[in-house]
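Enquirer: These protein sequences, in sequence, are chains A and B. Counting from 27, one number per residue, gives the positions in the first sequence under this note's numbering. Counting from 602, one number per residue, gives the positions in the second sequence under this note's numbering.
Honestly, the hints are just simulated from the structure, not real lab data. As the structure is a prediction and not an experimental result, all values here were calculated from the model. Each hint should be verified, as a subset may be incorrect.
Listed next, with one range per pair, are the computed distances between beta-carbon atoms [what the hints assert, rightly or not]: (1) B/Val1063 - A/Gly284: 49 to 57 Å; (2) A/Ser325 - B/Leu1093: 47 to 55 Å; (3) B/Leu847 - A/Gly216: 39 to 47 Å; (4) B/Ala739 - A/Gly63: 14 to 22 Å; (5) B/Ala741 - A/Thr312: 33 to 41 Å; (6) A/Ala110 - B/Ser920: 30 to 38 Å; (7) B/Val655 - A/Ala69: 31 to 39 Å; (8) B/Leu658 - A/Gln52: 27 to 35 Å; (9) A/Gly269 - B/Leu922: 56 to 64 Å.
Reference excerpt, derived from the structure (chain B facing chain A, CB under 10 Å, subset only) [said to hold, decoys possible]: (10) Tyr677; (11) Thr749; (12) Trp1027.
Built from N, CA and C at the ideal position, the CB exists for glycine as well.
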Amino acid sequence: VTRRLVAVLGLAVTGSACRSDAAVLQPMGDAAHRAQGAWLTVAIASVVVFVLVAAGVLIAFVVRRGTIEDETRRRRTGERAVLAGGFVLSAAIAIAATVVGAATTTANVSPDAATVLVRVEAHRWWWQVDYLDTGISSANEIVMPTGVPVDIQITSDNVVHSMWFPQLAGRADVIPGRVTNLTLIADQPGVYEGRCAEFCGLQHAHMGIEAIAMSPSAYDTWVAQERSAVEENGQGVVPAGLGVFLASGCDRCHTISGTVADGVIGPDLTHVGSRRTIGAGSLPNTDADMARWIADPWSVKPGAEMPGFAEQLTPYQLGALVDYLEGLR
Amino acid sequence: MSARVTSTGEVVTARPSVPGAWRRSWAGVASVRTDVVSMRFVATSIAFLAVGGVVGLVMRAQLSWPTAHVVDPEGYAQAFTFHGTTMVLLFAAPLLFGLATALLGTSSVSGRLALPRLHAFAYWCYVAGGLVFLASLASATPPDAGWTETAPLSGPVYSPRNGTEYWIVAAALVAVAMVALSIQVIVTIADGLRVGPRLERGSGALGWAAVSASGIVLVAVVPLFAGLGMLGSDRLFGTGFFDETLGGDALLWQHLSFGFSVPLFVALFVLGAGLVCRVVEDVTGLPLVGASWVRAAFAFAAVVAVVSWGRELASSGVSGLAQSLFGAASVLVVIPIAIVIVSWLATLWAAPATYGAASTFVAGTALLAALVVCGTVATSIPASATSIGGSVFVVGLIHSIAFGGVVFPGMAVLVGRPGGDRGGPWARAGALVSLVGVFLFVAPMYLLGLRGAPRRAYTYDVATGFQALNVVETLGAALLAVGLIVTLASALGSRAVGRDEAVASGILPTRPRDRVMASSGVPVLAAVALTIALLGMLSYEPWLAGIGAVLVLLVLGGAAAAARSRTDELVFPGDGRPALWIALGVGVGVVAAFVAAYGYLALATSTWPPLLKFGYPPGLVLPTIAGGLLVLGAIAARAFGDWRALSIVLAVVALAAGAVEVVWLGTLPFEPAEDVYASSTFLLGWCLVAAAAVLAVGAIVDALSPRPTDGRERDPDVEARVGPLVPFATAAAVVAVLSWFTTSILPVIIG
């Protein structure tokens, strides 16, 4: 009994210690705020149910049982407990859950007119991001203004994926041949982690995405910057890195707007230097990690479609390529 | 031919031409004594628990450090696929059904189950399924798409190798075993009803749980067989049921897969709870407090189970109304769980007894069941369900169900029986360690899920901070393993002593009261033949499938003929004729599937307009599944041998079909006339109607056939009670057919 008590106490301590890190319970977006009503219901029901059952176990096992004569009386009390604790209380929980469920569902929230439209295509194992209203293309990052609904249309041409930003909204399954809608509204500027939440093959673990929320004015600046960078790409002297890029055949899979590189198999690299991660969250986007990724992607993400270029490129060529890519901002 | 009695009391017919030792060992292997077969289920399932547990510990080791390299990504995917498949299909269901049939057998009037050869057939199908699945490890590429084998990841494009075929065959064989076990339970209890007023001794809670779980399984295997048939045909013939580029739809797999797994988990929980009810009654020596509530709870859970699969689709883009309805259906299951928890605790409290290892497992079951209630509320409310769907939270809920509904109840029975709260200090220590371990194991999963950890991920980054909880989880898993090993060893040690004691006190029968047919080769050979036929179909080897089909026919046909001519020698009254029906049913089913599969190949390449009109032809799957159901129907119809029991099952199936059809089609956000849905519901409805028709024909034939006298008196009260069910069942069937027709056939005709 003591050990059980210790276990229960330990659980409670662990629970409260981890509460501060629980992303799902720290909502930073509209849909996630709605879900807090549901989680409050879950929490109340859980505490009530678990405390009652634990108390019942203690009473049944520890409280000294009486004589045979007591048995009839105890049975009658027990029958009442089955009715009250078993039936009435659980039915109340079921009804409460149903009411809260209907009240908190986010499925029918339709995006209003002033939205940012994003089309996301889930690949194995990265996310292609196209901003339909501004024509910007990117990968594994959704840049969004705060306080404005961002309507995301998600598709897949391969297997089932699921897009999940724990702090912003519930997950949305991505089903081949269907378009799933997910509306995100972020309260505050910040970087919100997201990931694939449906097993989609070997590198399901490395299929991250980030929602980068910024103030509407910063967002407008970002849009302008992205567009002007595209124009700059096409002008001036061809950098050495671009030469390596084209000579190595990188353009067969990747697009860099403003250049002749227009592959569509891999992520669009037009602004790759400004992204926070490489390989859908596999590595931070530093020069060293970019070099490592190009040389041998399978050292961090075995099974990824990108081949390694360690044998094909000299250190000098690799350096030039990394310099060039990291300069694409 | 001379009969003699062996040292264990079995009647063995000696044949001079066969060496005695060989014959004795064959008789041992081919035993159809139902208590022996039930214990084989238990022993085999525990072996699979050990194998699956070791693989689980390997996964725990991999996740105890960020970016660890215990296994590579592929190895991890294979590991969780193996772990899930083993634990759900090869451990949980066989253990619970094995224990339940063992207890039902010994407490039934005749001291055994009603259909011994069907029981052995179920066991050998299960063993064959287990071996086929283990054989997938020897293939170059073991299955790695998760135990739910989500299409299209498990389809020909993304899993183009042969490992998945093994999984399909194994799942089909185990599903056949589960159907046979379910029929066994229902028939044995219906048999008992004919001679006595109670389902079994005591409060009858275990009987109700077993019948409810069996009913759920009979309904849940329909989408499973449909899914296996479609996935197999996608992989073999490129039909593209789950490939949108070929007119299919990946969402269809989710319906079929969850249509099986969600009800199955409820069935497992119900069966485990029924076993705990029996343990509580044994330990306290009292009938269950609130027994009528508990019986009603089990029946209620059976109804809820078959309509709650849709809660898993909350994130699949269904409408808010559908989400709310599915969530409401799903959360109802907390009511029966709460009722049984309170009933156990109240009974333990009411009795003036001291408690040991078995009761400790009962306490653990109650606490885990409380966690299941909490987890079910979280996964039923759409907003919270989608915010942790696909995360480790769900893994926590699944393991709460696994330990609270399967492992702990199983351990309670094993250390508690025979003879009450047995087990020395080691068993108690093991139970306490397991109890501490399971919470250290499960609780971190819920917390990790809330922190955003995705399930089925082979690694995580240091920065996520997931390590601490993972280490606690691994510690809990290790404690759990130690606790369970100690408990099992102790239970095995005390079992030998306990048996004599239990026999002396009348808990176990000294001998089954009927004369016992010691062995029969038919179940073994039939299971082997069925395995060959299935493997042949899925290994691209038509000749192997043909040989398998012919073998099935030969074995069962020969057995049936032999049984007919030797009816007087058969010791189970009426047991001769099922063999004939089984032979006919299996033969027709396999041949139908075989002809359909290869007939389809010819048709698929044709330009026959009706096939093209449907987007993809139902030409393969309809007959295959109808053939499979024909098998089940024929076995069931003949096995029941009683049209009243049959009408109960018909009512359950028809009501479930009606409920599924109405809930499914009424709440889908998609146009029902869309090809894939029209065709799939067409398929489901067609199968159910075919099954009902076959059952009805079997019942009529049976009613017209002369009955072997079994010497049992019928209870006129039972007749009066069961009689009114017939018009009820008929009405339910009519409603089901009508709802199916209006929702899935009409749109096709009109559209």
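Enquirer: Now tell me, hint by hint, if it's right for this structure.
Expert: Here's how the hints hold up against the structure:
no.: 1; hint: B/Val1063 - A/Gly284: 49 to 57 Å; verdict: violated, 38 Å
no.: 2; hint: A/Ser325 - B/Leu1093: 47 to 55 Å; verdict: holds, 48 Å
no.: 3; hint: B/Leu847 - A/Gly216: 39 to 47 Å; verdict: holds, 43 Å
no.: 4; hint: B/Ala739 - A/Gly63: 14 to 22 Å; verdict: violated, 52 Å
no.: 5; hint: B/Ala741 - A/Thr312: 33 to 41 Å; verdict: holds, 39 Å
no.: 6; hint: A/Ala110 - B/Ser920: 30 to 38 Å; verdict: holds, 37 Å
no.: 7; hint: B/Val655 - A/Ala69: 31 to 39 Å; verdict: holds, 36 Å
no.: 8; hint: B/Leu658 - A/Gln52: 27 to 35 Å; verdict: holds, 33 Å
no.: 9; hint: A/Gly269 - B/Leu922: 56 to 64 Å; verdict: holds, 58 Å
no.: 10; hint: Tyr677; verdict: holds, 9 Å
no.: 11; hint: Thr749; verdict: holds, 9 Å
no.: 12; hint: Trp1027; verdict: violated, 16 Å
In summary, the numbered hints that this structure violates are 1, 4, 12.
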